[in-house]
Structures are given as C-alpha cells and as structure tokens.
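*Asks:* Assemble the complex: chain G is given as a structure, and chain B must be docked to it using the hints.
Line by line, the protein sequences give chains G and B.
Remember, the working numbering sits 53 above the position in the first sequence when you count from 1.
Remember, the working numbering sits 5 above the position in the second sequence when you count from 1.
Just so you know, not all the hints are guaranteed correct.
[As the list claims (entries may be wrong)] To give an idea of the chain G side of the interface with chain B (calculated C-beta under 10 Å), a few residues:
| # | residue |
| --- | --- |
| 1 | 56 |
| 2 | 78 |
| 3 | 92 |
| 4 | 102 |
| 5 | 103 |
| 6 | 136 |
| 7 | 139 |
| 8 | 144 |
| 9 | 147 |
| 10 | 152 |
| 11 | 156 |
| 12 | 166 |
| 13 | 187 |
| 14 | 197 |
Hints are computed from structural coordinates only; laboratory data are not their basis.
Here a beta-carbon is modelled for each residue, glycine too, at the ideal position from N, C-alpha and C.
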Amino acid sequence: MSDIEQIPVTMTVNGKKVQRFVEPRTLLIHFLREELNLTGPHIGCETSHCGACTVEMNGMSVKSCTLFAAQANGAEMTTIEGMANADGTLSALQEGFREMHGLQCGYCTPGMITRAHTLLKENPNPTEDEIRMGIAGNLCRCTGYQNIVKAIQYAAAKLNGTDIQEAAE
Amino acid sequence: MNDMTPTREQREANLEGMGCKRKRVEDVRFTQGKGQYVDDIKLPGMVYGDFVRSPYAHAKVTKIDATEALKLPGVIAVLTAEDLKGVNLAWMPTLAGDVQMVLADGKVLYQNQEVAFVVAEDRYIADDAIQLVEVEYEELPVLVDPFQSMAPDAPVLRPDLEGKTEGAHGPRKHHNHIFNWAVGDKDETAKAFSDADVTIKEMISYHRTHPSPLETCQCVASMDKVKGELTVYGTFQAPHVIRTVASLLSTIPEHKIHVIAPDIGGGFGNKVGAYPGYICAIVASIVTGVPVKWVEDRMENLSTTSFARDYHMTTEIAAKNDGTVTGLKVHVLADHGGFDACADPSKWPAGFFNIVTGSYDFPAAHLEVDGVYTNKAPGGVAYRCSFRVTEAAYCIERAMDILAQKLEMDPADLRMKNFVKPEQFPYQSALGWEYDSGDYHTAMQKAMDTIGYRELRAEQKAKQEAFKRGETREIMGIGVSFFTEIVGAGPSKNCDILGVAMFDSAEIRVHPTGSVISRMGTKSQGQGHETTWAQIIATEIGIPAADIMVEEGNTDTAPYGLGTYGSRSTPVAGAAIALAARKIRNKAQMIAAHMLEVSEYDLEWDVDGFQVKGNPEARKSMKEIAWAAYHAPPPNMEPGLEAVSYYDPPNMTYPFGAYFCVMDIDVDTGVANTRRFYALDDCGTRINPMIIEGQVHGGLTEAFAIAMGQEIAYDEMGNVMGASFMDFFIPTAVETPHWETDYTVTPSPHHPIGAKGVGESPNVGGVPAFSNAVNDAFQFLGNTHIQMPHDAWRIWKAAKDLGAHG
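For reference, chain G alone in the conformation it holds in the complex:
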C-alpha cells in the first residue's frame, strides 16, 4: 500500500451502487477488475487503441484504461457482466456473436459487445459501413471482423423484430 491519500468514489455499476476508496491515479479498468472483480473488460494496450476495456458510462462507450476511477464518480456504468437478459439468458448481441461465430479467443469480445450495445442504442438500424465505422475503436486479432459485423446485424434484426437470417446474409 502506498502512502498516497485515498479518495471516495461512488458509482452505479450494472444497476448496483458501489462505493470505494481509491488512489486518485487508479484507472477505471483496474477499479472494475480488481476492486469490483468485474474481469470481463480486459486490458489490451493501455493507450485506448484496442477497446478491450470498453464499458458504457452514462450511455456512452468509454475506454476504461484511460479514465481514472475518480472521473467516473457518480456515473451509471454498464459492463459486459450487465449485458445478459434479466432471466440470465444471452442478450440478442451475445446470442448474435455466438450464432454468427463473431469471436474466437474471446479477449476482445466483452469490449466489442459492450461497444455494439451502445452502437445499437445510437443507431438501431446500422448499415454494414456504419457498423464497421462504429466498432473501429475496437480491435480484434482473430476474426477479421466479418462475422462480428454479421453478429451485430443479427442482434439489430432480432431487436427490431425483422428477419434474422436475411439480416445476416
């Protein structure tokens, strides 16, 4: 433990209010992963390029590796752990990623799904180009993105009640 003075931080994470004391320099990703044991968001680059740490903060996608926990004080936060349906079944996006083979090693997946979740709120009917642009802040080394695009199209179709297969073609 260092002698740096700790400050209080309060936020709502996946619907649950949490309060902790942290060093002012504590990064949000470390706060989530190590204080709250939410290890879904990952660290891939520490420079906001890869997006493995993406979470939703106050309705916006943010990269939690380059935000201080203190900057999230008072925020509403959603991580991959808060994505499944209330009954525990996979959400449309989670299901889409599985159905369309939109993941391989799984390391980018939490950030990718969390980003796609916010993207679909911003734009419920994105074109392929809009999806590709919308996830450009999230890197994947395994899939080549093609099936990620299909996964997001699958989810959009399911959420909009349109034909999933057609959307995925």
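*Replies:* Leaving out everything else, chain B in the frame of chain G:
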C-alpha cells in the same frame, strides 16, 4: 420401431459430429465476460513484478543501484542478474540451442531488454519503483543492419561466445554468425542454372513483425514452500513443455510443478517460448514465498517478447523458355536479434523453410540460410504459420511472379504449368519433403473460374491503357498466390523440442451415464478446441458432442502434449483423439456383443451404437454400452470405458490453397483498396466449416496487416520505431477487406480422419497474394519487385520512383 424412434438422420444430427457447423461451447462464457484469463487470477497475498528496461540497444551495464527503490513503501524486492546467479538462472537456454540473459548480465543487446525485476505490493508501486532504480550504462556501437553483421569490423555482440567456433547447428564463421544451414543438391542446381534458357534473381525481404495477440504475455507464479510445489498460471501455448523446462531449470521435480494455461487471449506463436518475465516471476515467488503476477504491457510485448520473420531471401529460378522451372537457388540472411531464441523444432535452425519449392515440381534446388546476431529483440516465432513456412511461401510466390514477368507469361498459367501433378503424390521434393496429397490444378482452376480471372486481366489491361492515356490515376493489381504448407510437427524421426518428440495426446473417459470428459496435450487460444475436439469424438463413438467436455491446459490432468502452434493440433492431436476414440469403440463392441449374446464380428457400427448385421433392431446404443461397462462388463474384461492415445505422426500434412487479390491503387496517394479477396483452401477433411471459415478470415486479416504495413522497425540507434498500437498496424473493421472463402477437399492419406489443419494457411497464402497484387499493379510501369510492407507511403514512393507522378 415406433413413430417416436429417431431416424438415422436425426440420430446423426443429434451427435453434432464432424462436418457440422456446431456453435462454439466456449462462447457461452466468453460472451458474458466469464472467460478466465491469466490477469483475472487473484491469489491471496499476491504481489506484482515489473521490469526495469534498457533505453539503449547496445551498452555495458556498469551499475545497478536499487537503494532508493527499496525505500519506497510497498516495494518488496529488486532482482538483478547477480541475484539470479545465486540460483543459476541469470541466463536460460533457448529453444534454438543458444543461451539468453534473463536479466542484463553486464550488458544489454537490444532496446527494452530486461535489466532488473521489481516486486511490489501493487502494479502502481512497482511502476513507481522502476523509476527509482538507478542504472548506469556505457553505450556501445549498435548493429542494426543484418547485412553488416558479418563485416570484419562489426561490433562484437556476444562476448560470452568469444572463441566459440561451433554453434548448436555447426560451425560459426564470424563472431556475429549463429549458423549456416544448407539443404539440397548444390551441383545439380548449379547445372540447372548453367543449362537454363532463362534465369531470374531477386533479393526478396520479409520484414520483421510481431504476432501481437490482444492479450499480452503474462503469468502468476506461486511457490508453496511447505509442500515444495510450484504452480504457474500462464499464457502458454505449450504448457507441458513449459513444465518440463521449468523443472530442468529450477530443479523442482516435474511432478511438483503445476502449470496451468487458462483461457488464452490469442497466441499466434507469441506464447510458445519461455520469456524472462516467467523466470523472474517464478524466482520472485520462490524468494518471497508469495504468489507473483507478471503482466507485460503492449510496448513490452511488441518490443521484447519475440518477433517474427526478418528473413532476407536472395532467390534465383532457372527455367526453360516454355516456362518449365528447372532449378531453384535461395540464400537467406536471417536476422535473429541479440540471442537465437527462434522457436523451431530443435534440429531445424530455419524451421521448415525448405518447403520453399512450394507447389512446383523443381527437379533441382539448393537452399542456404545464415543466421546472424543484431541489436534487436530475440525470437523468430512462427506468427500464425508453421516454422518459417510463411517466409518460404512468400519467397517462392513472389519469385514465380517475377519469373512470369520475365517470360511474359501469365502468372497463373506459369503456376499451372509447373504444379506437382495429382499422380505424383506422395511427392518427393528436391529439398527433402514427402508431400502427402494434393490436387493443385483442380483448386487453381476452381479459383480462377470463380473470380473470373481472364476477365479481370482484360479489365486490368484496359485500365493500364486508360492510365497511359491520362484518363485515370488509378491502377489495378491482381495478386495470385498458390501455397503449399507443411504443418503438423511432427514425426519423432525429425522433430523434437529440447529432446521431447513432437507427438500429441488425448485421453477420453466415458462415464457410466454415457457422458464424457476428454483431455488433450494441446491448448486452444481461440481455435475452438472445446467445440471441435468433441465433434471428432462424437462421430467416432456416437455420443452427442453436447455430452462431451473437453479440457486442455492443466498439466496435472491432461496427458503430455507439445501444445498448439504450427497448425499441429488437428494433424497431431486430432489424430490422437480419433485413435483414442477408436480404442473405446473397440471395447464397446466387445461389450455390446456380450450384451446381445452374439460374436463381436456379427456386429456393425451404426451412428451411435452397434447393431447385429442384418437385424438392426437388435442394437445397443453407446449410452447403454457405457452403463454396462461399469455395471456388468463381460467376464474377464476390465470394467470402465476410457482410453489414452499418444500419436507420433508418420508424416507432416500439406494443406494448400489458391488465393486471389484484386486491388485498386491510387498512384497519387498510395492508397490501396482491396476490391476482392478470394481464398480457396484445401485442408483435407473439414471438421467444422464454421470454424474453418473463421480461421481463414482471421488469418487473412493478419496477412493483410503484415503485407500492407505491420512492421517492427528500428532506427540506426536501435530504437524500436512504434512499438505501440499507435504505430503498429492492426487493421480495424474499416480497413479490413471483405473475405470470400471457398474449398476443395483432398484428405491426408496418413491421418486417421484425413484432416490437415487450416489455422495458418490464410497467413501463409495471404501475404504473397497481397504483395503480388501491389507488385502486379506496377508491373506495366517497369516494376520487378517492391519490398513489403506496402503502406501508403511506400506505395506512393514506388509510384514516384517508377515515374507515375510524371
């Protein structure tokens, strides 16, 4: 049978066996953020290690003073080479027969080399303490250019090797020389060249790059001093080998070392080797008695834990006027960095680069590789390829295009003319391999027909005319690539790692209720083994894949295996799985015979059980047989239903494919747009087409990155240029082309299920397709060869140099 009895088709579908697009088992946890990767592991009392690294590429280390760092509250220890000498670990052996410093022992050989290991209560304090360790350096002349390595006055990089004229792979001819490796018939090849109508010669470079999986290398080491047991969780593509190496180095008995590779966030070859971080974390845990976590950051990953390629290949082909190739001569200058830590099977200093004759029937060939030291990071891993195979494929595929240009032949036609013919398999290559099976002409023709190759050439010609008339500033390139890979290392007769033969293994246990747990010596890093291995077992023993759990990565429970890299899982472990399953089926047949009171020879296998020949209603399902195996086995038969198989492959497998890339290039900006990319793969029997397609997409995207800009470059001072994702090119969804995939099926004749492996084909075949497209686009302006990577600046420069800017 009544109406409720499932049909044969229904029973087959219920198995989700080989050939079906089974959805992945892994995804249920990964999509919910419930994967368990190394950095997710938290052990009681765990502390953190981090490195002090050298800012210089070549320097003497004259002093390390940790006094101030140790005063910082929360700092537990600072390890240096002097401390490691106490446990004989200041240096470690490499896979290539060299030795490598774990921590700087008197000098550093590359920028960011590990100098001291700080152990602290948390990551932040460790980082603070790094700044407080005072290190004094005395700079030495830096050697960056491999072509200068063996100059008479080149700086001595490795004083520890002074006077050593014999290396791990034969004589060394200079103080910076590592090895010379020569294969093939030199005289025959020389004759082919002296008799040739046409020859070409080009120095083809394959630049240095890095596998950069999204999860970096990391581990948690935990020494239980009371039990004398060491547990290491780590990003290990080959956990069993790591355990053996850890035992040999630490002298802790192998059975008291527990190596566990949990979920791995991509590997691509980066996680095969043993790195100083692992050693230091283990030593630190032994010293402190508490668990120590080491997690490298991205910059450390890109600049220190290995690299890939850095092969400079002077290539010559001899041919007749009609295009028939008669000889191939290649000399490679291989830049291995400061230590030879190349991750190849031990007897192969240049991996399987002697697959460089590719898909063509060269009657004579000769290859020489010289490895040299430079002031760069050590390594030489197979970045999504079998050992040095992607370098070889790039070399021959680029050279065939250059030959086609010289002969004024179409590059696809030149390939067709020289392909090894179907009737020549098994084919003995001039450089010593026996290709197992192939039908290259069929694959190439299908690919050409599908993309409309002749029409594309006509379009290209029209565009070139329009360009010359000044009507457009866009030119068009068609990249042709036909690769043959060599994967599945490998037969014990020629493949081992530190003496351990490169077999692989599987253990299958059928429980009384007919569900299964199965463990393998491989380790998935995204390939989906939990899904596909179960499919093989399902087809072989008729138990639904959904009832089969696959487990890998725990060396306590899994049978010994050599791990996952070089596309070896399917060719080697895949075979072990099928053979273990067949042992179970054989025993099941005897049990079924006993249950049905017939001879086992009266039974036949039918999807998910045995039936009496000619009387399909007299049958026992595997589920019933499993129960009987534990409940009432035949007299004199051991109860239980399980099997282990260790598989030593009789040969490698040789996947192949035809790739075409259509590219439009703006000569004024250098921007290249991939209009189409078509990949036809033949990986033999296809286990899960969905996963194969995913593997191809991913490998092509990596190939696109490598060919079009991804590079680990150094300046003349040995500074790593751009070891972060700011500069190191990882394509996003925006730049990544759309992929078209296709296939033919030519099973491997020696593999129990005929499968060959696919994960690396797209990287191997993709890079030449992209590079050939760029080179092809500029050919009509007089270009012969433009070096990779083809980023916009270099393409613009090439256009300028060829006079395209007027």
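*Asks:* Any hints from earlier that this structure breaks? Give me their numbers in increasing order, please.
*Replies:* Number 7 - this is the single hint that the structure violates.
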